[in-house]
Amino acid sequence: MNELELRLEELGRELAFPPTPELAPAVIERLRRKPFAWRRVGVAVALALVALAAAFAVPQARTALLDFFHLGGATVIRVDTLPRATERSHAAGLGFPVTLQEAQRRTGVRLLLPPGERPSRAYVLGDALVTVVLKADGKPVRLSEFGSFGPGSLQKLVAQEANVEAARVNGAQALWIQGPHAFEYFGRNGFHRAPVREHGNVLLWLNGDLTLRLEGPLTKAQALELARRTQ
Amino acid sequence: MVDRPLDEAGLVERARGGDLDAWETIVRTHQGLAFRTAYLLAGNAADAEEAAQDGFVKAYRALGHFRRGAELRPWLLRIVANEARNRRRSAVRRERLALRAALEVRPGDAVPSPEAALLAGEQRERLLVAVERLPDDQRDAIACRYLLGLTEAETAAALGIRAGTVKSRLSRALARLRETLEEGGA
Numbered sequence: 001m002n003e004l005e006l007r008l009e010e011l012g013r014e015l016a017f018p019p020t021p022e023l024a025p026a027v028i029e030r031l032r033r034k035p036f037a038w039r040r041v042g043v044a045v046a047l048a049l050v051a052l053a054a055a056f057a058v059p060q061a062r063t064a065l066l067d068f069f070h071l072g073g074a075t076v077i078r079v080d081t082l083p084r085a086t087e088r089s090h091a092a093g094l095g096f097p098v099t100l101q102e103a104q105r106r107t108g109v110r111l112l113l114p115p116g117e118r119p120s121r122a123y124v125l126g127d128a129l130v131t132v133v134l135k136a137d138g139k140p141v142r143l144s145e146f147g148s149f150g151p152g153s154l155q156k157l158v159a160q161e162a163n164v165e166a167a168r169v170n171g172a173q174a175l176w177i178q179g180p181h182a183f184e185y186f187g188r189n190g191f192h193r194a195p196v197r198e199h200g201n202v203l204l205w206l207n208g209d210l211t212l213r214l215e216g217p218l219t220k221a222q223a224l225e226l227a228r229r230t231q
Numbered sequence: 001m002v003d004r005p006l007d008e009a010g011l012v013e014r015a016r017g018g019d020l021d022a023w024e025t026i027v028r029t030h031q032g033l034a035f036r037t038a039y040l041l042a043g044n045a046a047d048a049e050e051a052a053q054d055g056f057v058k059a060y061r062a063l064g065h066f067r068r069g070a071e072l073r074p075w076l077l078r079i080v081a082n083e084a085r086n087r088r089r090s091a092v093r094r095e096r097l098a099l100r101a102a103l104e105v106r107p108g109d110a111v112p113s114p115e116a117a118l119l120a121g122e123q124r125e126r127l128l129v130a131v132e133r134l135p136d137d138q139r140d141a142i143a144c145r146y147l148l149g150l151t152e153a154e155t156a157a158a159l160g161i162r163a164g165t166v167k168s169r170l171s172r173a174l175a176r177l178r179e180t181l182e183e184g185g186a
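Read top to bottom, the protein sequences are chains A and B. Each residue of the first sequence is one higher than the one before, counting from 1 in the numbering used here. Each residue of the second sequence is one higher than the one before, counting from 1 in the numbering used here.
It should be emphasised that the hints constitute simulated quantities derived from the structure, not laboratory data. We put the CB at the ideal spot given by N, CA and C, even for glycine. One should not assume that every hint holds.
To be verified - Only some residues are given here: those of chain A computed to face chain B with a beta carbon under 10 Å:
(1) ASN2
(2) GLU10
(3) LEU15
(4) THR20
(5) ALA26
(6) ASP209
To be verified - Simulated restraints, written as ranges between beta carbons of each label pair:
(7) LYS58(B) / THR99(A): 41 to 49 Å
(8) GLU22(A) / ALA163(B): 30 to 38 Å
(9) GLY149(B) / GLU22(A): 18 to 26 Å
(10) ARG105(A) / LYS58(B): 28 to 36 Å
(11) ARG168(A) / ALA46(B): 35 to 43 Å
(12) GLY160(B) / GLY108(A): 27 to 35 Å
(13) ARG106(A) / GLY164(B): 53 to 61 Å
(14) GLU29(A) / ARG68(B): 25 to 33 Å
(15) GLU179(B) / ALA16(A): 36 to 44 Å
(16) ALA16(A) / GLY160(B): 22 to 30 Å
(17) ARG67(B) / GLU29(A): 25 to 33 Å
(18) THR29(B) / ARG228(A): 51 to 59 Å
(19) ARG197(A) / GLY160(B): 29 to 37 Å
(20) ARG106(A) / PHE66(B): 43 to 51 Å
Based on the sequences and whatever the hints tell you, model everything.
Laid out in structure tokens, this is it:
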């Protein structure tokens with residue numbers, strides 16, 4: 001170290017620093033206070049409002065909001081009149097077809113499938129919803145999966161006469177929907193899939209961070225059995 | 001049986017598990033240097049206190065990202081220094097650095113003559129003014145490395161720059177200081 005450097009070190013020792021305040025009590029007090037989860041509340045409220053707005057935007061449904069269920073990233077709204085919605089075939093309107101690997105890469109969803117099932121393609125809707133078409137008991141069914149980033153991203157409008165029941169899949173919450181309903185999807189980045197009319201029965205359930213949806217002409221027992229095996 | 005005090009790695013592990021008493025011990029251990037670092041970088045005591053406090057709160061919340069086995073002090077200094085620099089950008093003016101009573105005699109020192117003490121005091125004052133006039137990036141490097149006595153690695157961490165950049169900034173700053181002092185006859 002040269003002379004100037006030594007003089008600078010000496011200068012440091014001669015500096016009149018203000019006395020160090022006692023920081024620990026304030027730091028610990030701030031850490032004991034739990035931050036209020038404004039963000040989580042904000043997202044939930046915003047998505048619920050979007051869901052309500054969507055339901056009420058349909059003239060026939062304006063006075064007919066009858067019930068409201070949440071399950072992970074899905075919201076089920078019972079209305080007395082379903083909105084006008086397009087009907088679709090099993091693969092139409094599901095999104096963009098890609099390989100399973102590509103679907104997982106695009107959405108970040110680690111796809112859960114029943115044992116022995118390895119469909120050649122998956123469909124990606126928006127930025128987060130992946131759907132595969134499977135055969136169960138000889139019938140085509142659609143299995144959709146997405147990360148639960150908030151309630152209301154996937155929305156089901158169900159008719160008054162439809163049956164909505166609570167159920168369990170491997171101990172996790174589930175909803176069984178039987179009867180006419182429409183499916184609508186709000187993606188993370190403003191993506192919106194307009195309502196599509198569906199006729200099959202639907203089982204919605206949770207698995208970790210994923211919300212899963214099985215749709216097709218299955219009985220409740222068949223759907224629950226398939227869901228149990230989807231790991 | 002008497003409990004042995006935990007080493008810093010043990011305290012960090014406990015804090016990582018949510019033990020605020022362990023974090024309090026860490027804050028008390030490092031608050032002096034953290035505050036002085038923040039003071040030199042932010043330029044005033046109020047901003048320094050706020051920066052140091054915010055730094056310790058943010059560091060606790062970021063403990064999950066702290067690499068096990070790494071040294072805690074440079075990591076803490078980096079967070080606190082970052083808070084301090086952010087405040088300096090919005091600060092209206094920097095408080096002028098001051099020297100302790102220049103004629104204070106430390107135990108064991110020979111008592112200087114009044115003339116020698118006055119000369120030494122004037123030289124320190126001139127050096128301090130020269131440091132204050134350096135461009136911010138060079139002044140910060142000098143402040144961390146010499147005035148605070150940080151290592152080069154700690155200076156790099158505190159300033160968020162590479163060790164090589166610390167060396168080059170110090171080299172430029174020392175050259176400029178020499179020039180200024182020679183012009184002033186110090």
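To see whether the hints hold, each was checked on the structure:
| no. | hint | verdict |
| --- | --- | --- |
| 1 | ASN2 | holds, 8 Å |
| 2 | GLU10 | holds, 8 Å |
| 3 | LEU15 | holds, 6 Å |
| 4 | THR20 | holds, 5 Å |
| 5 | ALA26 | holds, 6 Å |
| 6 | ASP209 | violated, 18 Å |
| 7 | LYS58(B) / THR99(A): 41 to 49 Å | holds, 42 Å |
| 8 | GLU22(A) / ALA163(B): 30 to 38 Å | holds, 33 Å |
| 9 | GLY149(B) / GLU22(A): 18 to 26 Å | holds, 23 Å |
| 10 | ARG105(A) / LYS58(B): 28 to 36 Å | holds, 33 Å |
| 11 | ARG168(A) / ALA46(B): 35 to 43 Å | violated, 57 Å |
| 12 | GLY160(B) / GLY108(A): 27 to 35 Å | holds, 30 Å |
| 13 | ARG106(A) / GLY164(B): 53 to 61 Å | violated, 40 Å |
| 14 | GLU29(A) / ARG68(B): 25 to 33 Å | holds, 28 Å |
| 15 | GLU179(B) / ALA16(A): 36 to 44 Å | violated, 27 Å |
| 16 | ALA16(A) / GLY160(B): 22 to 30 Å | holds, 27 Å |
| 17 | ARG67(B) / GLU29(A): 25 to 33 Å | holds, 28 Å |
| 18 | THR29(B) / ARG228(A): 51 to 59 Å | holds, 54 Å |
| 19 | ARG197(A) / GLY160(B): 29 to 37 Å | violated, 57 Å |
| 20 | ARG106(A) / PHE66(B): 43 to 51 Å | violated, 33 Å |
The structure does not agree with the numbered hints 6, 11, 13, 15, 19, 20 stated previously, though it agrees with the rest.
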